[in-house]
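K.L.:
When you get a sec, could you build the whole thing from the sequences and use the hints?
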Amino acid sequence: MCLAIPGKIVEFVPGQTQLGTVEVTGVRRKVDLGLLQDDMPMIGDWVLIHVGFAMTKISEQDAMEQMHLLHMLGETEQAIEEVRGYGLEERGEHMNGSPRLS
Amino acid sequence: MRYVDEFRDPELITRASEEIYRLADPARHYRIMEVCGGHTHAIYRFGLKDVLPSNIELIHGPGCPVCVLPMGRIDDGLAVARNANVIFAAFGDMMRVPGAHGSPLEHKARGTDVRIVYSPADALQIARRNRDRHVMFFAIGFETTAPSTALTLMRAKAEGIANFSVFCNHVTIIPAIRAILDSPDMRLDAFIGPGHVSTVIGCRPYEWIARNEGKPVVTSGFEPLDLLQSIVMLLRQLQAGEARVENQYKRVVPWEGNRAALKAMAEVFQLRPYFEWRGLGFISQSALKIRDEYAEWDAEQRFPIPGTRVTDPKAAQCGEVLKGVLKPAQCKLFGNECTPEHPIGALMVSSEGSCAAYYNYEHRKAVAMVTSISSVA
Ligand code: SF4
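Residue numbers (my numbering), protein chains in the order written: chain A, 1 to 102; chain B, 1 to 377.
Just so you know, the hints here were simulated from the structure itself, not pulled from any lab data. Treat each hint with caution, since some may be false.
[Claimed, not checked] Distance condition first, Cα-Cα at most 25 Å in a straight line; then the derived DSS-like pairs of lysine-lysine:
no.	chain 1	residue 1	chain 2	residue 2
1	B	K49	A	K57
2	B	K49	B	K327
3	B	K327	A	K57
4	A	K8	B	K250
Computed from a prediction, not measured in an experiment: that's the story for all the values here.
P.N.:
So, in structure tokens, the structure goes:
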């Protein structure tokens with residue numbers, strides 16, 4: 001849980017200014033942008049996500065490198081599973097998936 | 001150096017490694033602590049030891065959040081979970097961590113409502129959707145995670161969500177480093193500073209380590225090249241007899257940290273007078289407590305907490321390993337009673353725990369080698 005996941009901001013959530021939709025290798029989920037309120041990202045910006053919160057803005061190149069790092073550490077699947085598991089979506093009960101037992 | 005080819009920039013890795021060989025004084029033995037568990041994982045995964053001279057010893061620090069949590073806290077959290085109507089929500093990393101009466105996962109098997117969440121915001125969402133139940137989020141983590149818990153509590157308060165609380169086990173990294181430096185059996189030359197914790201707290205909080213203790217600190221990224229460059233930067237300082245804080249991970253870590261995150265933490269949390277760390281004992285002002293303004297969402301104020309204290313099994317040497325005094329394989333239980341499949345201590349559960357990292361990479365590698373040698377013979 002220590003390594004952050006890179007995601008691209010693709011959408012803001014209407015009426016919920018603190019939320020943004022990010023895309024991580026094709027998976028789209030809502031994340032909380034509250035920790036970036038001094039320097040809000042724009043659509044197309046890349047951020048590092050940790051436990052469902054965008055922590056810091058990064059460049060696209062750094063995002064690619066971070067993805068590569070997760071791959072090298074064998075954590076890509078866990079990262080995608082984590083993003084899939086974020087439970088802020090409107091529909092359906094929280095999908096747990098299998099536990100992340102890193 | 002058989003790992004080098006796997007790296008993205010084998011040439012740069014080789015160059016960094018050569019520079020380390022050049023800088024390291026053969027007459028000296030260097031003990032460099034990587035504070036963060038993510039670094040420990042990366043160091044083992046990439047086999048970085050193989051590209052370092054033998055007189056550079058990397059000591060694994062206390063920066064694995066599940067590892068430093070005393071067992072009693074898990075039992076206390078699970079005691080709340082046994083109240084009728086309570087949903088216990090925690091990160092997946094917590095699920096297999098043993099308490100005195102079993103792990104959260106074992107409690108789930110016995111009927112406690114235990115849910116895995118990937119974010120504190122998810123726990124709050126479960127509370128929004130289950131107004132007739134009480135959701136308690138079992139919060140762990142250093143300053144990387146604490147701001148997210150803080151924001152979640154601020155959202156709960158703003159929305160007036162009454163069926164939600166946090167059992168707060170957030171800890172802060174600086175007092176742990178201080179405790180290690182104060183510990184008489186520890187001699188360290190320099191620190192590889194945490195990466196993601198520093199995105200929140202910045203680099204200034206490490207300055208006393210350089211100024212008062214005379215030890216260089218370099219906050220580092222997680223790539224093999226990042227870690228090697230950080231070691232180069234540390235050795236350059238040591239060679240010049242300097243001690244400064246440097247930032248190798250500038251592309252992610254701002255020197256001043258994240259103001260919004262620090263503000264959220266200050267709004268919701270205050271320092272506890274002291275907190276127990278597994279292996280390090282009680283450390284003053286080393287953990288966060290929920291402020292009275294948020295008492296309604298503080299599980300420790302809402303529920304009776306037994307205050308369980310459990311002594312670790314005698315033969316388990318988690319404390320010494322956590323402090324870096326012993327290497328994982330020097331624990332008597334390592335690889336015998338204690339394995340990732342049957343963990344005795346939390347260091348064997350989390351991928352950031354040095355016992356699990358060592359077991360998964362070094363131990364399995366050694367066992368495979370012995371097997372292949374004996375099959376050749
Ligand atoms: S091998 Fe197990 S018991 Fe020994 S220090 Fe590691 S986690 Fe603790």
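K.L.:
So, against the hints stated earlier in the document, which numbers end up violated here?
P.N.:
1 and 3
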